[in-house]
Amino acid sequence: MKAPSPDITLRYIKPFVFVLCLLPAVFLCGQALMDQLGANPVETILHSTGEWALRLLLLTLCVTPLRRGWRWHGLIRLRRMLGLYAFFYAVLHLCVWVVFEHFFDVHALLNDILKHPYIMVGMAAFLLMLPLAITSNQYMLKRLGGAQWQQLHRLVYLVAIAAVIHFWWKMKLDISEPLIYAVILGILLMLRHPAIAKRYG
Amino acid sequence: MLIRSSSKIKSSEITSHSVYQARRDFMRDMGGLALAGLAPAACSSTEAEGQSKKTQEKRFAHLERSPFSTDETPTPHSKITHYNNFYELGTGKSDPAKYAHRLRTQPWSVTIDGAVEKPGTYQLEDILKPHTLEERIYRLRCVETWSMVVPWVGFSLGDLLKRFQPTSKAKFVAFETLHDPEQMPGQRSLFSLQWPYAEGLRMDEALHPLTLLAVGLYGEVLPSQNGAPIRLVVPWKYGFKSIKSLVRITLLEEQPPTTWHLMAPDEYGFYANVNPDVSHPRWSQAKERRLGGSFFENLIKQETLPFNGYAEQVAHLYQGMDLHQHF
Chain A
1 MKAPSPDITL
11 RYIKPFVFVL
21 CLLPAVFLCG
31 QALMDQLGAN
41 PVETILHSTG
51 EWALRLLLLT
61 LCVTPLRRGW
71 RWHGLIRLRR
81 MLGLYAFFYA
91 VLHLCVWVVF
101 EHFFDVHALL
111 NDILKHPYIM
121 VGMAAFLLML
131 PLAITSNQYM
141 LKRLGGAQWQ
151 QLHRLVYLVA
161 IAAVIHFWWK
171 MKLDISEPLI
181 YAVILGILLM
191 LRHPAIAKRY
201 G
Chain V
1 MLIRSSSKIK
11 SSEITSHSVY
21 QARRDFMRDM
31 GGLALAGLAP
41 AACSSTEAEG
51 QSKKTQEKRF
61 AHLERSPFST
71 DETPTPHSKI
81 THYNNFYELG
91 TGKSDPAKYA
101 HRLRTQPWSV
111 TIDGAVEKPG
121 TYQLEDILKP
131 HTLEERIYRL
141 RCVETWSMVV
151 PWVGFSLGDL
161 LKRFQPTSKA
171 KFVAFETLHD
181 PEQMPGQRSL
191 FSLQWPYAEG
201 LRMDEALHPL
211 TLLAVGLYGE
221 VLPSQNGAPI
231 RLVVPWKYGF
241 KSIKSLVRIT
251 LLEEQPPTTW
261 HLMAPDEYGF
271 YANVNPDVSH
281 PRWSQAKERR
291 LGGSFFENLI
301 KQETLPFNGY
311 AEQVAHLYQG
321 MDLHQHF
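Line by line, the protein sequences are chains A and V. According to the numbering used here, numbering within the first sequence proceeds without interruption in unit steps and concludes at 201. According to the numbering used here, numbering within the second sequence proceeds without interruption in unit steps and concludes at 327.
Since the hints were made in silico from the structure, they are not lab data. Among the hints, erroneous ones may be present.
As the list claims (entries may be wrong) - Taking lysine-lysine pairs in the DSS-like style, the calculated list, with each CA pair at most 30 Å apart, reads:
id : chain 1 : residue 1 : chain 2 : residue 2
1  : V       : K58       : V       : K98
2  : V       : K98       : A       : K170
3  : A       : K198      : A       : K115
4  : V       : K58       : A       : K170
5  : A       : K115      : V       : K58
The structure presented is a predicted model; accordingly, all values stated were derived computationally and were not measured.
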């Protein structure tokens, strides 16, 4: 099957994906209003926003392999949007933690970060995302110059690794879910290895 | 339009829990039929009668009210029965409710052995017979920092232990959950604890009148996901101490090994008393989220109390102990 053309990707697929990515947030709001978030609604929102941030981050990392392997060059027009959506869900995730876990209690927040390694790693992932989100626009790309911008945006690999570790360390016992994400991330990183990338790129 | 204030509503007009549940079950069942397009109107009344009869059988007839009960509002039935940590039935919070039907709670027997004069394996009915069941509304605090208020039905563990006459060697009590991977899918899981799940108490903790053996919830037979047919409830300790679906109670001279402690000794102590001052490697224990009510009611966490608010009754058990060390 041939990959969609850049024109179709930009004109139809991009708006469609935009709406699709917004749906988890819309559903959460709807469920909250109808009291359908289960016995522990805050936990449901916290977990859901965190998982969507991770999923979108991994989807962002799918762009390059798909572009090369399937020659779907138009896909690059979706990458920034996917990355920003990952950031959007990460911000929600962080806000739920700041507001509903600790209600802006700075001491409790710092304590949580310093005493609990999984929180520290999660915070690191978020902080590393900040410069990427800030420099995601066309203006900053031009200011930094292509090469430097690309160099900076390699941080996304660290973000993804930290995010998976954050999820992994959070688990008490059953690590099956973080394991799935770890495997997917492993594959996505492997596909970037020069030896492998050369074969399909 | 006539609007009656709540004081004018007679208690007889308030839907009892059994009727409420029967209606819910009925609506659920009928919903399923309606989806399949097979809902003849005529069968609805018999369906409802059947459901309500079934619910009646599950209710306890006479329950004493316990002075140990809190007057806090109990967490809704649906939350208590659909948000559970019972790894034998799966590690997700909703897994236990989903797999509860696999657990066969009848017939059920419990072995009582070790340092007692009358060891043996007893049918559950024989174990329960001499005890007067009472309703006790306790706070339940999970180490994961959520909490509930649960109307248990049960009796003091101490009353049971005394019947089997502990010897002078009985210093600790060890408890065991059923180990049967066929009934408990979680016991077949790749990521599982060491089975059978084991817990323990010091003898004075076990004999404390607050320590409960529960057989019911909200006036009805305990649902399987909550540890049917008989479970321990120690309200001043984190929930994982309150072992479910008991099959063995052993009195010992030495402190018994306990499941979560074996799994991660630096995270879960033997005592596991609720303590806001001792942080856990995963969760700060200073606050808790009380589950219940609407979405907006449990947005903000509340302070956790030492010994889960039972300090007055139990703090003396730990006098002179360093609770940071014996967490």
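The hints, checked one at a time:
| no. | hint | result |
| --- | --- | --- |
| 1 | K58(V) with K98(V) | holds (20 Å) |
| 2 | K98(V) with K170(A) | holds (24 Å) |
| 3 | K198(A) with K115(A) | violated (44 Å) |
| 4 | K58(V) with K170(A) | violated (39 Å) |
| 5 | K115(A) with K58(V) | violated (46 Å) |
Hints 3, 4, 5, counting from the list given before, are not met by this structure.
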